[in-house]
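S.K.: Residue numbers (the working numbering), protein chains in the order written: chain A, 1 to 288; chain B, 1 to 174.
Please note that a few of the clues may not be correct.
[Unchecked claim] Chain A side only, calculated, beta carbon under 8 Å to chain B, not exhaustive:
1) 4
2) 5
3) 24
4) 28
5) 31
6) 32
7) 35
8) 74
9) 96
10) 101
11) 102
12) 103
13) 105
14) 188
15) 189
16) 262
Just so you know, these hints were derived from the structure itself, not from any lab.
Ideal Cβ positions, reconstructed from N, Cα and C, are used throughout, including at glycine.
Okay, here's what each chain looks like letter by letter:
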Amino acid sequence: MQTIRYEAPQTVAQAVRLIEADPGAKVIAGGTDLLVQFRAELRQPTAFVDVKRIPELVGITIDQNGLRLGAATSAAEICEHLEMRRLWPGLVEAIQLIGSTLIQGRATVGGNLCNGSPAADATCALIVNRAQCVIAGPKGERTVAVEHFSTGPGKTVLEPGELLVACCVPHPAPRTADAYLRLIPRSEMDIAVAGAAVSVTLDKGGVCSAARVAIAAVAPTALLVPEAAHALIGSPIDDRALARAAQAASAATRPIDDKRGTAEYRRVVAGVLTKRAAAIAAERAKGR
Amino acid sequence: MAKVRVETTVNGEPAEFLCEPHESLLAALRDALGLTGTKEGCTTGDCGACSVILNGRLVPSCLVLAPEVQGQTITTIEGIADGERLHPVQQKFLEHAALQCGVCTPGFIVAAKVLLDANPSPTEEETRYWLAGNLCRCTGYDKIIRAVLDAAAQMREASAQTREASAQMTEVSV
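Between the sequences and the hints, there should be enough to build the whole structure, so can you do that?
M.R.: Rendered as structure tokens:
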């Protein structure tokens, strides 16, 4: 095996220079996907660029602009953050589903996005919360809405030399809450057959005034489904609205058959999860 | 290419080793530092045999690159006992015979210690969830869970006694 370099830049600019200069270099945050792929010889990077020593990539800030989540912040740190749990319960419950306690100590949201899996648990919850990805590169910084970050299985919008720095999420509006549900083949710690995240805003009379719906593992990328959101908006979140949302979510799927489930099963499950997540989000929104 | 020289703190002592840039912390602990209590299982983060504490966090050492620990603090199974005195979790594993082949045991003990440091009164459900990333191929889970819950109870009792003793001391001094 060719020798691989290890680099631990201290700044975003240093990291960008390193990955720009060496197209074979791979950014490592938690390593829970990358090192597994490396040891299975699915990836042969020429260098590991460890981004956990860059202050902008690590940590959680909540201020008047909302949440700024450093891309290399561990899942464990996020799940322990009481303010995050209060403001974005669905986002935190999605992140909490990623692997075991051990994996949570290493895995990061940035890694979850950069791995580009359509089944990634964090992605849909970020989408419904209108997260923006902050990307640094040789030409400077740009932001991309999280629903556009992945472009296919294992693929992202990152250009050579670019690095995901953070995810920024605006504050939820009043009477707004989120929820995430997924189905896996066993009770814990597996990859989603399908997943659904929903964010719901209720007016003072309990009528849904805004919604976002995103579904996982039923298309080459996580999907934002405006049709399912429209099915919820304008009425209370009752059985009829939920049934319409479920139907719209199922209709938006473009699933495949694999060992975790058939396309037809995924289509149905995506609808069921959408309905259930919307009901949970609405219940949470009432209390706000 | 030259090996990487890493200076770190392992079990409270400064430690130094040379490693390949792509080597795992697990390999460095076992091969370079001779700390073979940390076991190699799957090397993909699925089994928990290689559990260590890195800067206070429970992590699978197979998914940490050895050079990453430059300047960091690591606790391995060898650092859990206080000298000759076993940690309550270790003592309870013995009393409950919570091991069969023993390969998973160091990982379970390290993981359980982190749980009890953060949560002195975990429920059985919380304990099972916390330890769900540590696999026992002999499937002796029940005794493991009982040992951890018993250790938690003993640690709570010990800390209540300490509090009582220090309260009495305060009364005396007043």
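S.K.: For a quick check of understanding: which of the numbered hints are violated here, in increasing order?
M.R.: As far as the earlier hints go, 3, 9 and 16 are violated by this structure, in ascending order.
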